[in-house]
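**Q** Take a look at the letters that make up each chain.
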Amino acid sequence: MTVMLIVRQALSGIVRDRGVLLLVAIFAALVAVSAFLGWSATNAVNAIYGQAVDWLTAQGAVVPPNPMHQTPPLASLRNLPVYISFLGAFTAIVIGQELVETERRAGVLPLIGSRPVPRGRVAVARMLALLIATSFLTTVAGAVAILALLSLPLQMRAADWGALAWALLLGWTYMSAFGLLALGFAARLQGTAAGLLAATVVWLAITFVLPALTGNVNPTAAINPVSALALVPDTPFFHWSSRLLGPVSLSEAFGWLDARTMGYLPEGLAPRAPLPLLGLWLAFVGSAAFAFHANKTLDLNGGRDA
Amino acid sequence: MIDASHDIPAIALRGLSLRYGRHVALHPLTLDVPKAEVFGFLGHNGAGKTTTIRLLTTLLAPTHGAARVAGYDITTQAMQVRANIGYLPENVRLYDRFSTRENLTFFARLSGVQDARRRVDEVLERLGIADLSNRRVGSFSKGMRQRVGLAQAILHDPQVLFLDEPTSGLDPVGVRHLRQMIDQLRAEGMTIFMNTHLLSEVASSCSSIGVLAHGRLVFHDKVSAIAGYDERRLEELYVSVVRQEDAV
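Going line by line, the protein sequences match chains H and W.
Heads up: the first sequence is residues 1 to 306, going by UniProt numbering.
Heads up: the second sequence is residues 1 to 248, going by UniProt numbering.
Careful: at least some of the hints might be erroneous.
[Unchecked claim] Derived lysine to any residue pairs resembling SDA-like cross-links, with alpha carbons at most 25 Å apart:
| hint | chain 1 | residue 1 | chain 2 | residue 2 |
| --- | --- | --- | --- | --- |
| 1 | H | K296 | W | S17 |
| 2 | H | K296 | W | A66 |
| 3 | W | K142 | H | R16 |
| 4 | W | K222 | H | E101 |
| 5 | W | K142 | H | K296 |
| 6 | W | K35 | H | K296 |
| 7 | H | K296 | W | A61 |
| 8 | W | K142 | H | G107 |
Just so you know, the hints here were simulated from the structure itself, not pulled from any lab data.
Please model the entire structure based on the sequences and the hints provided.
**A** Following this line, the structure appears as structure tokens:
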């Protein structure tokens, strides 16, 4: 009861925050762009194939099968995981930060702290609000993906819809891990800049620095669904760095898992970490534990008394 | 341990203190505030008044000593303490994107008030701010915010009310309105613990006072026990006890 009351209040505050709304709108727009890219590419191939069929038939030649029918249908949405890991995770960070910072700015932390509500329950409520917000982002991504898939002449089987659901669940886990991390940093570090900066630095390091160190994937390549899935260069440095840093290279683990789920993983490409799914879930659980502890022990006074 | 029987004071402190490492924010403080009294806690900025309120509202944990508020121990019965107190911090802001009613309904429900909407209407009416109910708090003046802040503090009809510099930044009309409100609440049996550095406030509203200097209680008595307890007499007393402490 109390938990849901705080969740409702927190989400109402987020919904009234123009900065957050703008980010969510940009996220939705870019997800739509990613779906359009897949839709457009599929239609272009289909159109070329149609013309080729006409020409080959006129020549009396053998007509090969449509290449689009030989690739898994979800591969047409290969840009989607990039936007989830890139802008979705950053939006989750801003939401996580705002969940604490809104209350700190409003000076209501002492008012909440002097109410008969256990601190742990308040922490759980904030985490739940964050997870609901990331669920909304995932739903937006899912709705756009479904619309795109239904508008294409693709043969979607039940297993493909299941794979889409699994890919979206992976995306939710990934975004939530960063959101929870930001929720923890916002509670631990006072001030808008400090909390946001700490979470953003971790996100930047995971998104761009680690892939460069583990597989020589430069920042531009890291936001390209094809070039991000590169083999580890055959040098002693990358051999060892991929082994050492691979287990914490979360964006690569997420990219690999989604590529495998959606059917566009290059053949024979091994993940940087031996158990990428375990790494992703451990990151989620670790962020959740950090967020819970930081929010349970949050200084409710808004600074030390003079 | 402090006795928890019916006759105990509304607020009872026994050697309550707080240290931040080597810095002593509050020296051991022993003090009783009887029920249905208005206690004025005087002291200059940084004397430790707000720290004392934060300890008594369970926002901070003491390093030594004990205290009971409304009969409950602030360390071992924090939930019961919180259920029986109201708190108006200095410079309260509230959720500025929400209306007065939305703010108050949230805090009423958080305090466990059953019929929150009806209670919010009652308190808005009582404080004369019913016309502000649907306006966003972000657009309010300091005085209007302070009234809404007081409303959130009394929504659940607490036994003990903590006010931290309640008249800070208020215009004379606002100050007068707040004083009337304090008198009414005391008449209804509420105990009020008020931090202030305004002697006029003490002279007009408080039944007893304590003076805090450098984290130490240097004076504590009934206001009526001070001969000719007008603002000027209180000022002389305040200056003399603080000077003595400064000399030490």
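**Q** Checking one constraint from the list: CA of K142/W to CA of K296/H, max 25 Å. Satisfied?
**A** Distance ~31 Å between K142/W and K296/H Cα, so the pair is violated.
**Q** Keeping to a limit of 25 Å between CA atoms, is the pair of K35/W and K296/H held or broken?
**A** Given pair K35/W, K296/H is violated - Cα atoms ~33 Å apart, limit 25 Å.
**Q** With the threshold set at 25 Å, check whether the alpha-carbon distance from K142/W to R16/H stays at or below it.
**A** holds (23 Å)
**Q** Are K142/W and G107/H close enough, with their CA atoms no more than 25 Å apart?
**A** holds (14 Å)
**Q** Between the alpha carbons of K222/W and E101/H, is the straight-line distance 25 Å or under?
**A** Violated, because 43 Å separates the two Cα atoms, which is more than 25 Å.
**Q** Decide if the proposed pair is consistent with the structure: K296/H and A66/W, CA atoms, cutoff 25 Å inclusive.
**A** Between K296/H and A66/W the Cα gap is close to 23 Å, so the pair holds against 25 Å.
**Q** Given the hint that K296/H pairs with A61/W, test it: the Cα-Cα distance must not exceed 25 Å.
**A** With Cα atoms ~14 Å apart, K296/H and A61/W stay inside 25 Å; holds.
**Q** Checking one constraint from the list: CA of K296/H to CA of S17/W, max 25 Å. Satisfied?
**A** The hint holds at about 23 Å.
When held up to the earlier numbered hints, the structure conflicts with 4, 5, 6 and fits the remainder.
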